[in-house]
Structure formats: structure tokens, C-alpha cells
Amino acid sequence: MSILGTRVLRTEDPRLLTHGGTYVDDVRAPELTGAAQVTFVRSPFAHALIKGVDTAAALAAPGVIAVLTSADINDIPPQQAPPEGGPPPVSEVAPPPRGGVWDEPLLAVDRVRFVGEPVAIVLTDEGYQGEDAAELVIVDYEPLPAVVGITESLAGVTLLFPHAGSNITVDRAAAAAAFDGCAVVVEREIMNQRVAPVPMEGRAAAASWADGKLTVWASTQNAQYGRDMLADACGLDPAAIRVIAPDVGGGFGAKVGVDRDAIAVARAARHTGRPVRWVETRSENLTAMTHGRAQRQTVKIGGNRDGRVLAYRLDVVQDAGAYPRMGEFLPKLTSLMSAGPYDIATVTAGYRVVVTNTTPVAAYRGAGRPEATAAIERAMDLFAAEIGMDPAEVRRQNLVPPDRFPYQSPSGARYDTGDYAGALDKVLAGAGYPELRAEQARRRQRGDVVQLGIGVSSYVEITAGDAADGETARVVVNDDGTVTIYTGSSAHGQGHHTAWAMIVENDLAIPMARVTVKHGDTDEVPAGSGTYASRSLQLGGVAVHRADLAVKEQARKLAAALMEASEADLELEQGSGRWQVRGDPSASRSWAEVARHAGAEGLSAFVNYRDGVPTFPFGSHLAVVEVDTETGKVTLVRHVTVDDAGTVLNPVLTEGQRHGGIAQGVAQALLEEMMYDADGNPLTATLADYAAITSAELPSFELLASETPATTNPLGAKGIGEAGTIGATPAMQNAVIDAVSHLGVRHIDMPTTPSRVWAAISNARNHQ
Amino acid sequence: MIPAPFTYQRAGSVDEALALAAAGGDDAKFLAGGHSLLPLMKLRLAVPATLVDIGRLCELSFIRDDGDQIAVGALTSHHDVATSGLLATELPLLAHAAGVVGDPQIRHRGTIGGSLAHADPAADLPAVMLAADATLVTRSPGGSREIPAGEFFRGLFETALRPAELLTEIRFRKAAGTGWSFQKFTKRAIDWAIVGVAVQGGKVALVNMGQTPLRAIAVEWALAAGAAPAEAAVHAAEGTSPVADINADRPYREHLARVLVARGLAEAHAAG
Amino acid sequence: MTVNGGRLEAEVADRTLLVHFLREVAGLTATNVGCDTSSCGACTVLLDGQSVKSCTVLAAQADGHQITTLEGLASDGEMHPVQRAFHAEHGLQCGFCTPGMVMAAVSLLAEQPHPTEQQVRTGLEGNLCRCTGYHNIVRAVLTAAGHREGQAGR
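Residue numbers (our numbering), protein chains in the order written: chain A, 1 to 768; chain B, 769 to 1040; chain C, 1041 to 1194.
Any given hint could be a false lead.
Claimed, not checked - Which chain C residues face chain A? A few, computed with CB under 8 Å, are given here:
1) S1079
2) L1132
3) C1169
Said to hold, decoys possible - Covered by chain B, per the in silico footprint, the following chain A stretches (three or more residues, Cβ under 8 Å):
4) 123 to 132
5) 743 to 755
Don't read these hints as lab results, they were simulated from the structure.
Note that the Cβ used here is the ideal one computed from N, Cα and C, for glycine as well.
If we strip away everything but chain A, and leave its shape as in the complex, we get (with noise of 0.2 Å):
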């Protein structure tokens, strides 16, 4: 019987359980010893010009080492600007936009743009002395108008960029959508409100440069993207240039590969010659690391009253945040999967980016995706609510059939496999939905204070999106008959070494305790994506799998020279993991003794997997929810979902994503939103402000099992990482708005915090 698909414990936690991980904080190589510690002084104003840094002070306090500020470290030009003018650029892993109009530098140099952008570094002997020095660092500010949010930026009368004449960086226009034929139409601009990621440890970084070769310990994605990038911004050849992941406490999309902060510290090292270490605090990590979401939504939705949907259109204004650093990354996913599920005969979406005085935005744990979703979700309901129709009904006569696939949506997308109405059913059953209503509709007729809302969500999303940039695995038996695996995917708590022995026991008979799997370290494995847009089982465990079969194909040859027979006869047993001639276990060879004869060569393979193509997870969530309708209190009573990500290989891990996933974004639904003043203050700026989401908020989730398996890859597989975020979000709030529709509410923004949602049926009740 295959390991495959069953549940198996991880490999990671004997030792995160009884020693700890090893994050930056804690790497104690030689190299870093007498590091010193790395203090950003930051600005406290959203815009504003700097007309001097009075760094006197600060030198002369304990400890301090040296404070450097943009005329120490912004000496070396980017060495690939973007053209003069055009836009900027479009991937997930794209390098900052250094140079041309929209240039970000390492530390401001006669501007600042948010409250939390670099000015300064103070380098000290201990990480105490380093808070008190950076007090010190006297910056002379002009300050300027701020522009917060995306009316004032679209308004143009304070630009960010006065050389870039807009505030507008990417403007795609929806073609014009015909709802002419639409008995119903309902319009409506919708918030996607902004959100921090909050990994529970923050950016970052150490460093040290010595004999010519920097050397980088970064929480982060991708060791080798953050290699190159440092390579580009340091002015060195990627080959002296080592960069180290050690365990990261979670990424979520935020940490891929190395930031302007983490590149200043790396420059610092060389600078100063002295290695150094920079560990943010979280209010940095709330205000100077990307956040997430941030998109005002414009939906239009037309059908007929049987509930069909004839056509729909979203229009969508990303803030970028003060720079622009993912250029139409975001918002061109959001576009790419605006159908959503749905078979709908017109499709239109456009964009425009916006940059505004607040933290740059980012991808984080959908990127694009969920904000696709969660628009044409909510458009979903209020259509519904229009026609009087069930929602979920309506979704029943919209989602496209199972026969229709491979299927081309209208917004650009070619779905792979699925079966929506498949996973919506499934949902509805889990859930009993038919009780749900009953018991709702008895709520709203004894008129309770606490009514039930129940909210459904179903979707589609596409997970490696960059599959042609491929995975890397290097496979080797050793000697003594174990298994070193060099993988390019870059594990944050993914669990992919558990994973990627598992694949390996299957393929090569080698119990997984022989297995080791290597990651994150470029010396190690030079050539490598990382881990983001739930590319990594799909891309780097297939790798895996090929790079066995290739071995396992040399392995034969070996054993077949080994034992003087012909390789047709030989053959790998599966329970003893030996090499032995068909249906002769007398003469066997182990691992171990074939790899030993590959002599200095040595048993091993290489593969770096460019044939995949993305892949489309789906699934419907349903969320029932308690509203006190006196004080607008949300409780979250029960939370069911279907996200199929086709072929499971070990369900723990599965399940695990699907639960990460779903809190998060139950989480953007109900709590979390990143606020700022007028000024561009931030408002959130600490974790007692930002409602990061407890246990006490959440109930233990119901998972509904559903494998539709990946037809393009050998292991069937499509990602898990971000659906359940896909899905939780739109399903709580349409859950939200659905406990309080009786009393005339048809949408609350996100999030559905006590305040707005009594807001809501306050303005309701005002209007009947």
C-alpha cells in the first residue's frame, strides 16, 4: 500500500517541539559573532521632505558603531532599471521598482512617503543601546499633504511622485459590458479593506561580509531570489553571495525574497565591514511591512429573474500603498479570475493602481485571488437579494457543469477540473443547510435578539500561476543508503520535508526516517522558486518525484552491472527496498551497495521541472454566524468547506492549510483592518489595535473531503495553501448580512465589527 495519501506526523516537530526553532533571532554562526544590532530610525510622518539627518548625537551614544543614512548606502544604481515611463513590473516576484519614476530607494533620501519608511540605521553593540541611540537621530522634516486613500489619490492634488505627473501608476480600462438584456441589474462599490499579514515572527535579517562574500540569514520565501535581488541592489555577482533561510515563522506572501529594510542591512554589513543582526519589532512589522488586500471594488451584475446571470462587470482601484512595488501584479490576478466559478456570457474587469501615503501593499495568502472572490461573491448575494432568490440557488444555476471542462472563463482563465456544483451540494449537505434556514427563519419570526445568518461562498482559484518558472529538486542516495533531497521549495511551516520523503518512500522503497531534505540555503541549492502561490507540491514535490525516477533509472543500470543481469530483469521490491532479479530475492542488492558502485559520481539526479502548468483549486464554503441584533456582536458558530485541491498526498498537512487558511480569512470578514487618520497616521499600529484573530473568536472548523484530481501533473495535485482564505472570507461576510437582511440590510462592509454592522441595521431600520 502507497504512503501516498495517508496521514502521516511530521518530521519537523520533534524538534521545533522540544528545542525551539532556529529563526534569525537565534542563528548563532561563528560568522556572526560580535554582530552588531540593526536599529532603523523610521519616519513618524506620512509625507513629508527631509531637509537634514543630525546624526551627532546618536554617534556619541553608548554602543553606537556608526549611523548611516542614504549618502552611505544609496550609491550603487540599480542594474535593470524599468523603461523611462512604462509600467512597472507585473510578478509576484518581481524586484522593487528601483530607478525611473516610481523609485524606491534603500533608505529615504529627500523624501519620506510613509510613516514607518526608512531614513536611518543605527548600528550598536546590543540590541537595548540601539533603541536609545535611534531616539537620537535628529530628522528635519517639511511636512507635506498627506494623500490617504483612494479617492484623495485619484483626486490628484497632492501627488507622491511630482516627476510621475499622477498618482494613477497602471490604468487598464474594463471594456465595455452590454446589460441591456438584463431584467436585473444591481451595482455597487464594495471595500476590500486593507490587512496586515502578521506572521508571528516579523522581517529579519543578519549579515555579514567577509573575503568578499556576503552572507545573508533572511526570514525569508526564497533564498535564491532574495540572493539575486541582493545581487542587483549590492553590485555583486550572484556568486558571492550566499543567503540562508533558517526556519521562518511564517511568510503568508510577505516575506518573498528580500525588502528594501533587509537589502539596507546587507549593505550595512559591507559598509561597516562588521557583521550585523536586524530583528524588527511589530510595530515596524505592522507599519513597514506590506500589507495586503486593499482594493476599492466597483461590481455590476445583471441577469433574470429565474436567476440567471447574464452579465457582470468589476472595476477595481488597487492601493498600492506609497510605492508601487508589484506594479498590476494584484489587481491583473483579481481581473484574471473576476468569473469566479461561474459560467456567465459577459465578463469585463479593469484596474487602475493608485499610490498613496501608506505601507506599500504586497501579496498576502491569496494575492489578488481572494479579492477576485470575494467581489463577485458578494455580487452574487445581492443579486440574489434582488430577485428574492436563494443564494446558494443562484449559484446552483450559474456555476459552471462539470462537462465543461477543460473551461475557458471570460475573464481570461482556463480551468483545469472540477465539479462546483459537486462541492456546493456537498457544503449545503455538511452543513444541513435546510435546518439552518428553519431554524433562521423561526429566529426571525419570534424576532430574537440574536438572529442566525448563514453565508455562502463558492470559488475557483489559480495556484502556481508561474509554473513555467519551474522547481528544482536534487535527489541523492548516499552510500550508506540514505536519501539527501535539495529541494528549491523553501518550507515555512508547510511541512514539505515530510511531504517530500513521503514521495520519496513511494518512489524509491527508502523508509522516510532515511531521508533528509536540505532547503533555503543557496550554497546548497543554488537554483530555486520558493515557496508562495501554492506552487510548492504541484512544482517542487513533482520534481521530486521525477528526479526519483531518474534516479531510481540509474539505480537500475548500477544494480543491473552489479549482479551481472540485464535490466529487464531487475526490479526495486517494494517492501524490502532492495534490488533484486525477478522472482530471485536470493541475489539482491540494497540501496546502500548500488550506490556505492556509482563511484565518484556518486547515485544521484537533478531535475528542474519547467512543464507544469497552474492549476485551478475550487471549493464552496458555508459559514453560520450569530448576530446580537442590539449591539451588531458577530459570533462565528460554525465554519463548513469544500476545497478541493485535487490528489491529497498526506492529509495532515491538507488539513492543516485548509485550517490556517480559513481563520485568516474568517479573520479579514470580521476583524482585521490596517486603518490610518487623515494625516496618514497609522491607527493599528500595534497588536493591542490590530484584532488579529484568537482562538476565542473561532470554533473548530468542518472539513468535507473532495479529491478532483490534477490531470496535468503525476501527482494529481493542485495547491491548498490560500483556498481556504478564498473561500472563508466571502462566506462570513455574505453570513454577516445575510442574519440582518430582514431587517432591510443588503451590505455591510468588511470588516463586520460590532460598530458597522449595528450601523447597518440602525440605517435599516431609519429607512423603513
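Given chain A, work out where chains B and C should sit, using these hints.
For chains B and C alone, kept in the frame of chain A given last:
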């Protein structure tokens, strides 16, 4: 993240604590559990030059049955208050409120005295003191005082405590069998109350409806005049001055006060 | 103070936080710093057997007391039941919140040996996790309490 430098001094007795605080002047603060003071210091919103650690003064950590009164030492942790069998019987309002302060870790360290001396209007226990009509006992080099709860909370983070004056114990009349309720309305369970209500007997006190905890006097008068709880609750926001912040504007806080007072009175009425 | 059963003496600056004392002076880096407002619980250790946020305790306050960190939980190479339960139930992913979460769970079970699910959820409200959604953490604590058979993630 790190407090500014300060001098740490440890007191072995109440007298020593008072002497050290007096010597430190305006820039000296008492350190009990530290869960009101240290967070402020870590953000450098408070920069005392001297901390006088009174955490070893075990003689100030007690819950005592004094006949018709209960005496609680100022250094008693929220956890000990919340899990006290004596308080569960004689002063359940206090036991319950202490059990919802912060989270378990905070309750293991935070003390009732520390919370009251800090006087955050969004904190739970100050309002409980008002509803329970508590008496706060202090010691200073000049002697001892007994301050009624109604006179203790003077303003935002401001109490009747003078420099080098230490809160040592809080006295309550026993209230076994008296109807009570504590309504704490939050976004998340660990959050400060957006609005809170403490009810005991005919007394109603409000959390986070002004710069100090407030007695809902208009509600109490209405009750005393014979109004039903639901009618009396209509007056909940009178005389209050709630702030507007990211969680609630003034009208919403006033609305919550009315709803929570109504619920608190109903619960107290049903229990009592 | 006594840390994981061993006496430790050192002279440190008055403002040294217990969490930094443990990480830098005692060399015990399992305990992590996750925030600056005593909100996240990643720094949770046991002080005289009770869970505390070590970022909000001065090392000087812990003088003379007994501190237990994650590293001190296993005995004779055998994982503590709570550690075993976290493994059996997949109660950790990136591992950063885990030391604090495990210590908070140990303290919770010491005070409430047979908690309900709701009591576990409320009992862990001082510990944030971003990876697991808490579902399996709650299962792990209930398993450690003996409420249910260990069965990873179901």
C-alpha cells in the same frame, strides 16, 4: 520595545517601599505585577527614573474574611481574586470581573492594586469598585487613609493617590445573595471593553464611558424611584462623556451603555 | 533564579526583560518575542508553575523564582504529554508561536485538568497563532487532557 533606562529598587517591607518612593520623588513608580506599567514603559510612553518593586510584599497579597467585610490585599493577583472561593460566595461580581481581565498570563501577574492605581477608564476593576462601593486603604510615610471608591478615581490615569502613597488593601461589604452582573462588551475576548457595566444591588457603574469609571446615577435614581430595569436603563448614557475611537463613536457607545445596563439589571434582578 | 531546574546567576541592566535574559544570558532561544504590547504570548514561560508573558516581566522581578521554558519541559528525553499531543494533532506549522503556546497549555491544564473546548479556546486567548487557525492546537490540548484519542488532525 525596550524601556528607557531606569534604576530598579526592591522593597522588603511596606515602610521600605514608602521610603524608597519618597526618595525617588515624582519620577519614582511602584512596580507590582507590572502589567499596566511595563507595557507603557516598553513603548516609552512612561519613563520613570526609578521603579520600586513591591512584588515581594507577600503581606499585601491576601483575601480575608473580616466579619461583615471582605478585605483584599492590593498585591493579590487577578487570578487569585478570580479563583477565590470566599469571593465567589461573598463578592461574586469582583471574582467574575477579575476573571475576564486580559488573558490568563496577564491575570497571573496583574494585581488588583496595580490595576486600580493605574486608573485606566477602560479597565474592568475600577468600575467594580464603584458598583461595590469599596473602600481603598492606603499607606504613606504620613500614615494611613481610607478613600471611598467614589473619591478615588479623579481623571484619566489619575487617582487620589499622592506621591509615595501606596494602596495596601481594598475593603468591601459582603454581598452574598445580592443580585449582580458584569457586562463586558468587546470585539475580541482579550480586548479592553468598548463599554462595560458593573451592577451590584442598586448600584450601576460604567466602564469606558468617560475619563474615569462612572456611576450611572440617573439609572440608580430611576430604579430607586421604582422604574423597571428596562425603563431605568434608558438613562444609562446621561452624564457620560465617552470618547470616539477606532472601535466606536460616541452615539454607538451611548447606545451600548443603554443596552448593557438593561441586560445587567435584568441579570442582577434574576439572580438576586 | 532557577531556570529549567538549574540555578542561574547573572548581573544585568535593570531594564532587562525576562525574555531577553532567557534568550541571551541563559542561551535558551526557544522562547520568542512576537510583539511589543504583551498581546501575542509567544514569550510565554512558566514562573513558579504559572504561565506569564516573559516580555512583561523584568528579569529582576523573576529573581529567586523558578522559570520553566519549552526546553525544560521534556524529561529524560521523553516529551511532555502536551508536546506529544501537539505532535500527534499537528498543532504546529512554522513553530514560532509554539513554545509559548505549549507553555500556556501546560499552565492551563494545571489549573483546569479537564477543560471543555470553549475553556481551551478562552484559556489560550493570550496566544496568537497565524498558521494553524487554532483548530489543531485546541485538539492537542484536549488530547493532552485525556479527553480524546490522539488522531492527527481529524
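Checked hints:
no.: 1; hint: S1079; verdict: holds, 4 Å
no.: 2; hint: L1132; verdict: holds, 6 Å
no.: 3; hint: C1169; verdict: holds, 7 Å
no.: 4; hint: 123 to 132; verdict: holds (count 4)
no.: 5; hint: 743 to 755; verdict: holds (count 3)
In summary, the structure agrees with every hint in the numbered list given earlier.
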